[in-house]
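Participant: Okay, here's what each chain looks like letter by letter:
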Amino acid sequence: MKILEVIHVVNQMVADGVIERYAIGGAVGATFYLEPVSTLDVDIFIELHATPGSVLLTLDPIFSYLRDRGCTMQGEHILISGWPVQFIPPPTPLAAEALANATEADVNGLSARVLTPEYLAAIALQTGRAKDKARLLQFMEVHALDRTKFEELVECHRLVDQWREFQRQFVL
Amino acid sequence: MKHNFDFERIWESKRALRERLTTAPIIEKLRMLDALHERAAAIRGARFREATAVQEKPGGYGDRKDKTS
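Residue numbers (this note's numbering), protein chains in the order written: chain A, -14 to 157; chain B, -9 to 59.
Since the hints were made in silico from the structure, they are not lab data. This structure is a prediction, so every number in the text was calculated from the model and none was measured. Treat the hints loosely; a few may be bogus.
Mimicking DSS-like on lysine-lysine, the simulated pairs with C-alpha atoms at most 30 Å apart in a straight line are [as the list claims (entries may be wrong)]:
1. A/118 with A/-13
2. A/134 with A/116
3. A/-13 with A/116
4. B/4 with A/-13
5. A/134 with A/118
6. B/4 with A/116
7. A/118 with B/4
Could you build the full structure based on these sequences and the hints that come with them?
Facilitator: Set out below in structure tokens:
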């Protein structure tokens, strides 16, 4: 299965010291808790540190490692086993916290680090595109969230207005 | 032939299917994700080919090459 190959490669990157830790987010991450929905790419949050002697944060070591293993670039993505993968340094404090609190899942003996449902839902609320709202609705419908934890995140990351608006829009 | 649609039953069966998909083992869901991705990529590829392919423009209806006859 190709997506398993992606997870295997990313685990290998951790083992080889190319990245420190990662967490799968986006639609692939949500699949661990919801029904699968079509997606074109895999979002992988990573912790990025400056290389010794440099103050710049760069994805170059990741791309160079993967290129050496036959992967090719496709725009902002790198193709791993046919899947366009995007490595994302956390763009917000919420995403950074989500990465730090990600959970370990077992996929047929393969370990995968995945964002928790509450963080995936809070990131969806923060991002706010139509597909993110649909994902948040799915989380609500199947009761995949610990509402207390989720509402703590909403408050802590100043998403109260977005949450009220979402509830108003979808009559929750 | 008369069809009776019992929408309650239709919604219930859809709800049950979604619940089955949600609670399916992760390995099964990832397999579905792979299949969905391949299909989406194929559709995207086809649309790209359509948009960039050189297309022969058909002549206007009633066009004739030989205007003298």
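Participant: Sort out whether residue -13 of chain A lies within 30 Å of residue 118 of chain A, counting only the CA atoms.
Facilitator: holds (28 Å)
Participant: Between the alpha carbons of residue 134 of chain A and residue 118 of chain A, is the straight-line distance 30 Å or under?
Facilitator: It holds: about 19 Å lies between the C-alpha atoms, which stays within 30 Å.
Participant: Is residue -13 of chain A close enough to residue 116 of chain A, meaning Cα to Cα at most 30 Å?
Facilitator: Status holds; Cα separation ~24 Å.
Participant: Against the 30 Å threshold, does the CA-CA distance of residue 4 of chain B and residue 116 of chain A hold or violate the hint?
Facilitator: holds (20 Å)
Participant: Could you grab the alpha-carbon distance between residue 118 of chain A and residue 4 of chain B and see if it respects the 30 Å cut-off?
Facilitator: Between residue 118 of chain A and residue 4 of chain B the Cα gap is close to 21 Å, so the pair holds against 30 Å.
Participant: For residue 134 of chain A and residue 116 of chain A, compute the direct alpha-carbon distance and say whether it is at most 30 Å.
Facilitator: holds (22 Å)
Participant: Taken at face value, is the distance from the CA of residue -13 of chain A to the CA of residue 4 of chain B at most 30 Å?
Facilitator: holds (29 Å)
Against the hints set out earlier in the document, no violation occurs for any number.
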